[in-house]
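*Asks:* Chain by chain, the residues:
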Amino acid sequence: MDARLSRAIKAPLFAFAALLALLATTTTYALSPAPGKTIAAAVIAAAKTSIIALIYMRLARASALTRFAAAAGPAWLLILFVLSGIDFSAR
Amino acid sequence: MSEAALHEPWRDLRRQHQAYTLGIWIFIAGETLFFGALFFFYITARLEHPAAIAEAARRTNLPFGAINTAILLASSAAVAAAERLADEHFERAARGALVLALALGAAFIAVKALEYREDMAEHLLPGAGFALSTRAAALFWGFYWTATGVHAAHVTIGLALFIRILALSAPPQPIARPSLSVTALYWHFVDIIWVCLYPMLYLVGR
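Chains A and B are the protein sequences, given in the same order.
Residues in the first sequence are numbered consecutively from 1313, following the working numbering.
Residues in the second sequence are numbered consecutively from 157, following the working numbering.
What the hints contain is simulated information worked out from the structure, not anything from laboratory work.
Hints may contain errors.
To be verified - Here are some, though not all, of the chain B residues that point toward chain A, as calculated from beta-carbon distances under 7 Å:
hint	residue
1	189
2	196
3	229
Claimed, not checked - Partner residues aside, some chain A positions facing chain B, computed with beta carbon under 10 Å:
hint	residue
4	1335
5	1336
6	1342
7	1348
8	1365
9	1368
10	1372
11	1374
12	1375
13	1380
14	1382
15	1385
16	1387
17	1393
18	1397
Note that CB positions come from ideal geometry on N, CA and C, so glycine has one too.
This is chain A alone, in the form it adopts within the complex (with noise of 0.2 Å):
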């Protein structure tokens, strides 16, 4: 195969594989009497998120302006979810 083509080809296949492996992991893990279900759900769907963020969407090898950009959805939505669930607490 052309060195150029596998190279391209290279990062999307090890994410995919990479997506699958932690698919498969809290599948497993939910359909299993382990304790924490719930935050090892969390983790594994944050550490997908990272990974397509990062490779899928290219922010490991953006501008910085494109970071900033990128960042501000979850930073609204922490101060969304900080700011409702104090309200949401203090009933």
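Dock chain B against the given chain A, drawing on the hints supplied.
*Replies:* This is chain B only, laid out in the frame that chain A set:
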């Protein structure tokens, strides 16, 4: 004229690409807040009614959910490969990867349709004739239909965008680059939303 060409008002392709990328990331920030509000609703419902939500969630079809997650992850991998192949000027391979992504996205919608048909047959739509008796079950299934329905609408829009890119990139035209990059980011975001929905809907109460 190819879409790879420089458009008004940009001075060079690099700056144009930066502007397109920045624009779609700002759009994604808005979408993050939209889905985030839905997720917050789910979290509060689950904190208030943990046992009833777990019991209601056991009625979702885990094999359908797991298969659809794998399909969407594969579709995202195909889009990511298409973008990188286009970067290296493997135009034909890039088009092939995009067609694969389109086919996988369509397969996701087909599986979702089968799942919806089964859910309807089991009377899992809140309202008259709802199969479950608790208020929490209605909250969970209300969230299920809303979140998966809005997500499916996003997938359908993504498929339309793929078809548009393929139409713009018909040989001898090169791959429509700004559109491919922007649509790829949108598609990966749709993938992330499903990655979050999967444990919330299919793994609870197992």
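*Asks:* So, against the hints stated earlier in the document, which numbers end up violated here?
*Replies:* 7 and 10
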